[in-house]
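Colleague: I would like the entire structure built from these sequences, with the hints used as guidance.
The residues making up each chain are set out below.
4 protein chains.
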Amino acid sequence: MKDSFRLAVAGVGNNVAALLQGIAFYRALRLSDPSAALPGVRVETVGGLSVMNVHFVAALDVAQAKVGRDLAEAVMATPNNFPELVPALPPTGVVVESGMMNGDPDEIAAVSERLVSTGTEVLLYSLPTGRQRLAESYARAALDAGAAFVNCTPEKVARDDDLLKCFSDENLPLIGDDLASHLGATVVHRALLDLVTQRGLSLEGSYQVNLGGNEDFRNLRSHGSTKRESKLNAMRDSGIDVERVEVVPSGGHIGYIQDRKFCHINIESRGWGGTPAIIDLTLKVQDSSNAAGVIIDLVRIAAAGKRRGLGGALVASFPQLKSPPGGHRYTEDDLRVAYAELGP
Amino acid sequence: MKDSFRLAVAGVGNNVAALLQGIAFYRALRLSDPSAALPGVRVETVGGLSVMNVHFVAALDVAQAKVGRDLAEAVMATPNNFPELVPALPPTGVVVESGMMNGDPDEIAAVSERLVSTGTEVLLYSLPTGRQRLAESYARAALDAGAAFVNCTPEKVARDDDLLKCFSDENLPLIGDDLASHLGATVVHRALLDLVTQRGLSLEGSYQVNLGGNEDFRNLRSHGSTKRESKLNAMRDSGIDVERVEVVPSGGHIGYIQDRKFCHINIESRGWGGTPAIIDLTLKVQDSSNAAGVIIDLVRIAAAGKRRGLGGALVASFPQLKSPPGGHRYTEDDLRVAYAELGP
Amino acid sequence: MKDSFRLAVAGVGNNVAALLQGIAFYRALRLSDPSAALPGVRVETVGGLSVMNVHFVAALDVAQAKVGRDLAEAVMATPNNFPELVPALPPTGVVVESGMMNGDPDEIAAVSERLVSTGTEVLLYSLPTGRQRLAESYARAALDAGAAFVNCTPEKVARDDDLLKCFSDENLPLIGDDLASHLGATVVHRALLDLVTQRGLSLEGSYQVNLGGNEDFRNLRSHGSTKRESKLNAMRDSGIDVERVEVVPSGGHIGYIQDRKFCHINIESRGWGGTPAIIDLTLKVQDSSNAAGVIIDLVRIAAAGKRRGLGGALVASFPQLKSPPGGHRYTEDDLRVAYAELGP
Amino acid sequence: MKDSFRLAVAGVGNNVAALLQGIAFYRALRLSDPSAALPGVRVETVGGLSVMNVHFVAALDVAQAKVGRDLAEAVMATPNNFPELVPALPPTGVVVESGMMNGDPDEIAAVSERLVSTGTEVLLYSLPTGRQRLAESYARAALDAGAAFVNCTPEKVARDDDLLKCFSDENLPLIGDDLASHLGATVVHRALLDLVTQRGLSLEGSYQVNLGGNEDFRNLRSHGSTKRESKLNAMRDSGIDVERVEVVPSGGHIGYIQDRKFCHINIESRGWGGTPAIIDLTLKVQDSSNAAGVIIDLVRIAAAGKRRGLGGALVASFPQLKSPPGGHRYTEDDLRVAYAELGP
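Quick mapping for you: the protein sequence lines, in order, are chains A, B, C and D.
Residues in the first sequence are numbered from 1 upward in steps of one, following UniProt numbering.
Residues in the second sequence are numbered from 1 upward in steps of one, following UniProt numbering.
Residues in the third sequence are numbered from 1 upward in steps of one, following UniProt numbering.
Residues in the fourth sequence are numbered from 1 upward in steps of one, following UniProt numbering.
Each hint can be trusted.
Derived DSBU-like pairs (lysine-lysine); straight-line CA-CA distance at most 30 Å:
no., chain 1, residue 1, chain 2, residue 2
1, D, Lys-322, D, Lys-227
2, C, Lys-284, A, Lys-284
3, B, Lys-156, B, Lys-227
4, D, Lys-165, D, Lys-227
5, A, Lys-227, C, Lys-284
6, C, Lys-227, C, Lys-284
7, A, Lys-156, A, Lys-322
8, C, Lys-156, C, Lys-227
9, B, Lys-284, C, Lys-284
10, B, Lys-227, B, Lys-165
11, A, Lys-227, A, Lys-284
12, D, Lys-227, B, Lys-284
13, A, Lys-227, A, Lys-156
14, D, Lys-227, D, Lys-156
15, B, Lys-284, A, Lys-284
16, C, Lys-156, C, Lys-322
17, A, Lys-227, C, Lys-227
18, D, Lys-322, D, Lys-284
19, D, Lys-284, B, Lys-284
20, B, Lys-284, B, Lys-322
21, C, Lys-284, C, Lys-322
22, A, Lys-284, C, Lys-227
23, B, Lys-284, B, Lys-227
24, A, Lys-227, A, Lys-165
25, B, Lys-322, B, Lys-156
26, A, Lys-322, A, Lys-227
27, D, Lys-284, A, Lys-284
28, D, Lys-284, D, Lys-227
29, A, Lys-165, A, Lys-322
30, D, Lys-156, D, Lys-322
31, D, Lys-284, B, Lys-227
32, D, Lys-284, C, Lys-284
33, C, Lys-165, C, Lys-227
34, B, Lys-227, D, Lys-227
35, D, Lys-322, D, Lys-165
Everything labelled a hint here was simulated from the structure, so no lab data went into it.
Modeller: Dropping the structure here:
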């Protein structure tokens with residue numbers, strides 16, 4: 001595994017399951033056909049790193065069902081429900097260890113030490129949403145250990161000016177906050193609303209209702225208002241009249257859907273003479289693949305950036321993030337330059 | 001009706017029905033509420049002309065059911081099947097006259113004379129697809145009469161260099177060829193395929209099947225191959241792998257759909273780890289409104305351009321056309337300038 | 001209006017709006033064409049009564065926006081949002097009066113007196129769900145006034161043995177409980193699940209998510225569990241494995257949908273060799289029309305039954321009810337006999 | 001393989017591919033879990049025969065790509081495109097032999113001899129639609145060889161009174177004609193139209209458009225009128241106003257769909273007050289599984305019937321056929337008796 005970079009993960013949920021299994025899937029594919037195209041991979045290499053150049057070196061979690069087991073087993077433990085892409089995943093050699101409970105200095109020190117001892121280059125933070133303090137503490141542990149940090153969650157980490165300056169001063173990438181999905185409901189909904197608006201039809205009303213069977217959807221059913229606002233904000237920025245748009249982050253927890261996400265979108269508009277123009281769309285995706293397909297780019301950007309001594313926020317990661325520091329201000333040229341800096 | 005421009009129409013099909021009734025609909029709306037928003041109108045005024053500033057002065061067709069009747073009646077005659085937007089449309093005072101049968105010089109002269117005698121500023125050409133010679137002959141009649149010309153059909157008129165030069169020399173706008181729909185199946189399909197491609201998912205396959213109940217769909221069922229090619233070309237230009245895309249311009253003639261168009265789109269793609277991402281969409285639009293919503297912009301551009309002495313192709317019309325002369329080469333700035341030239 | 005029967009309504013919501021406007025719609029239709037078919041009417045006459053033989057004689061409600069206004073105006077008052085079927089409905093001559101607040105004996109006596117003085121033959125009870133005591137009190141008022149009673153809601157009225165006996169002893173029909181929709185989500189969902197089961201495919205999972213914009217959907221979003229159970233029961237009775245079925249009575253309150261209901265149904269099953277068979281369905285209906293299309297049958301059955309001296313439960317009404325007394329036990333023959341008893 | 005019955009197949013297309021692979025799939029499933037439920041199997045045993053009790057003894061075809069190869073390989077040969085359910089199917093030991101080209105007496109004799117020499121109990125006829133003479137000739141060959149016959153196609157075989165009498169006289173089952181799909185577009189469409197009609201809504205219009213990627217869909221695109229009629233007949237029988245229904249057997253051949261079938265159904269109806277009630281449904285099935293899931297029942301019925309000395313048409317097969325001799329006249333009791341006669 002020469003050329004691979006050393007990745008530690010905090011939180012062993014469906015996202016990490018998808019990341020681990022997807023990598024195994026691509027390895028198997030290339031083994032049977034060395035020139036096979038890799039379905040669902042946006043860019044073959046980032047700074048010279050392929051999607052197969054990930055070397056897991058540490059994993060942290062607090063769930064009894066996961067701690068103490070090999071990572072390959074732990075990612076299949078309940079309530080994780082990502083499907084098996086590769087039957088009988090071989091052990092990774094990485095045993096899941098106890099992660100932080102409250103994020104106090106002792107815990108930061110312990111995690112930091114672990115990252116140093118495993119030679120971690122990038123720490124991926126992917127705990128359930130809503131644990132601001134833990135997110136910051138893991139970031140500090142990475143900083144102390146000389147590792148880059150990637151924050152998948154909406155917690156404020158890369159947008160914290162102090163933290164960002166610390167990473168920048170140490171020439172360590174700090175990537176965040178909050179993943180944009182690979183092909184998510186919001187991006188599809190926005191593309192269609194943009195189109196209706198640009199073409200000059202009048203929007204009468206539109207909704208987006210999401211359904212899923214993983215733990216997120218159970219929580220969101222009652223606590224979806226922040227997510228709803230975040231989704232509407234993403235549309236407001238692009239000039240859509242969000243007064244006429246309703247977003248239901250979780251219409252319900254539907255067990256048999258498992259880790260998939262089903263999204264129903266309706267758009268009612270009026271064209272010439274007030275005649276109706278109606279769109280109904282259903283999107284079905286593997287929810288955690290939607291995250292892992294973006295995570296794979298972010299961790300490669302972080303690793304390549306660190307190796308090149310680039311600190312703080314990296315523009316190359318911005319299109320894959322919902323809330324990068326300073327918002328979405330960059331041109332296609334900026335992106336080209338940013339990718340070039342990551343190396344060949 | 002001061003400020004209105006004088007419009008003649010060649011072909012009294014559903015498109016003209018939609019144009020006439022839509023204008024009546026907006027007039028009624030503003031009568032009951034002078035500050036009402038106009039649903040389905042892309043821009044309130046073009047070169048000072050509102051959607052209500054259309055004064056029909058002549059109408060030409062060859063169908064027995066239409067010739068000799070007031071335009072308001074003729075647009076409701078079979079096989080036209082656009083729905084009534086305004087009950088009991090009052091007579092327009094314009095009687096449908098016999099149009100060209102073969103496009104010979106005598107017919108050109110007769111039409112030209114008619115355009116002169118009615119003070120026509122713009123001639124709108126909207127015959128069924130496939131009559132190249134008639135399209136050219138009507139354009140020549142407009143040219144001879146000092147009128148601008150708008151070609152709604154795929155026939156080659158504005159892309160004919162000689163014709164374009166003639167109009168240019170006479171400072172008369174020549175607008176064409178082929179309408180882009182207001183909100184059409186192709187533009188929606190392309191937006192979604194673009195999105196899937198940009199986000200880095202792998203397209204497995206996609207189809208678009210259109211169904212309708214007007215005369216177009218009867219013809220297209222057997223002769224749809226040109227239309228299919230044209231729709232695929234529109235996608236190829238934007239970098240989509242059209243080898244994996246199938247377009248069925250007419251899956252069948254479905255009587256009860258009348259002048260509506262139903263379109264079913266399926267997109268199968270693969271995301272991270274090869275997991276499926278599937279989109280199913282249904283679009284339901286009023287087919288002729290989809291045309292009239294664009295025609296209203298084209299005839300206003302033609303009228304405003306003529307009044308300002310602008311000849312030949314007008315860039316302001318390009319986004320509403322499928323095949324403008326020279327193709328789709330213009331920037332947002334070009335458009336702004338082009339609109340400014342049309343006047344306040 | 002000879003032959004019409006005298007109807008009083010308790011609760012002036014969307015259901016009564018739909019009933020009133022639908023009747024006006026059919027009258028206008030027959031006025032312009034005496035032999036017109038009546039779209040959406042299941043049976044032309046019940047016991048000799050047509051859908052136009054309804055004579056509103058009294059209306060009771062407690063909302064300030066409704067009491068004191070003519071019924072034709074009151075049905076359009078917020079939060080009612082049923083669409084106008086007939087523009088400018090003429091006044092009915094019936095002014096909405098104050099209804100019961102708590103259902104105490106004084107209120108019962110007052111309502112009863114009102115029913116007597118207006119010669120009411122049938123009292124239609126259609127208050128918001130969840131007011132058991134008011135439902136009973138209105139039923140007692142009808143009983144005391146010698147009127148038949150129709151209960152649209154899930155409250156236990158016709159299933160109350162004492163009440164049923166009282167109506168029976170007085171030869172007065174007592175029709176209830178709870179309307180079956182004209183074309184509702186549950187009946188469609190069940191038909192498809194039945195089909196999948198009968199054909200021998202294996203059900204993997206299925207959901208039904210409902211969305212609407214009337215007041216019901218606001219309440220159901222948080223208090224939908226009873227409704228969910230009731231919908232699942234309806235399926236369990238027909239042998240479907242409801243462990244694999246999820247029903248979301250309200251996925252959200254979507255304002256622009258107004259009084260319509262949109263329902264998304266997904267069915268995932270496995271056929272031969274375990275290969276997938278997938279159904280996705282969207283149903284869009286006018287929610288209150290779905291009720292009124294059944295109410296019109298129930299009130300006619302009640303009126304015809306009363307005139308013929310039939311007391312208690314009437315089997316003819318059972319197919320249009322969710323919970324008739326004794327459940328759904330009847331044959332096609334029973335129904336034929338029951339209808340015959342109502343008269344020619 | 002004791003208890004298994006000896007099956008020969010004429011035509012080695014996707015249907016036989018599905019049959020062969022499905023059986024292998026169930027065997028593998030039961031091997032790993034002897035008490036596993038068998039997804040997609042309607043009845044566990046028919047006359048004591050399970051879905052795994054099929055012993056292929058002969059296979060006939062005329063395609064160069066198939067003749068001379070083991071059946072397990074031949075079913076994967078182009079243009080067959082049924083997906084692999086079980087990787088690396090082991091050889092069956094049955095080599096595909098040349099079948100009839102024109103159905104003359106010599107060919108009949110040759111096939112008959114082959115059936116005798118292989119001890120065939122049932123001959124399954126599954127050639128492409130439209131070869132009436134071959135269908136008859138294969139039936140005669142089975143008759144001469146003392147084998148039961150199952151006709152999957154619309155060709156007239158079991159409805160031929162002479163042939164039926166011959167099989168009857170020899171105490172050999174003759175099962176046909178034309179498979180009803182396991183879960184097909186027509187049965188779903190009819191269930192919904194029935195529902196709309198029963199509930200008393202007025203049907204405005206409805207369509208069914210089918211899309212697929214196997215050879216059938218290429219042919220049907222231009223020659224679908226017989227199939228269209230047959231589908232409409234199936235609905236007319238159940239009292240649906242087919243004047244308002246349009247069926248498109250093949251809206252197009254869509255390569256990437258492969259052996260799946262996608263069907264779009266739209267139903268527009270009117271409820272109370274003429275308000276619209278709209279259903280849009282998409283069905284996605286594995287086309288050949290839809291056939292094989294029914295074939296497995298028909299061949300078991302044929303084998304069990306033959307063993308019990310039952311000749312001619314067997315009522316137990318009627319529900320799985322589109323056109324049984326004498327039509328669909330039987331009660332639930334008839335079916336129970338018919339199954340009982342097949343044995344425990």
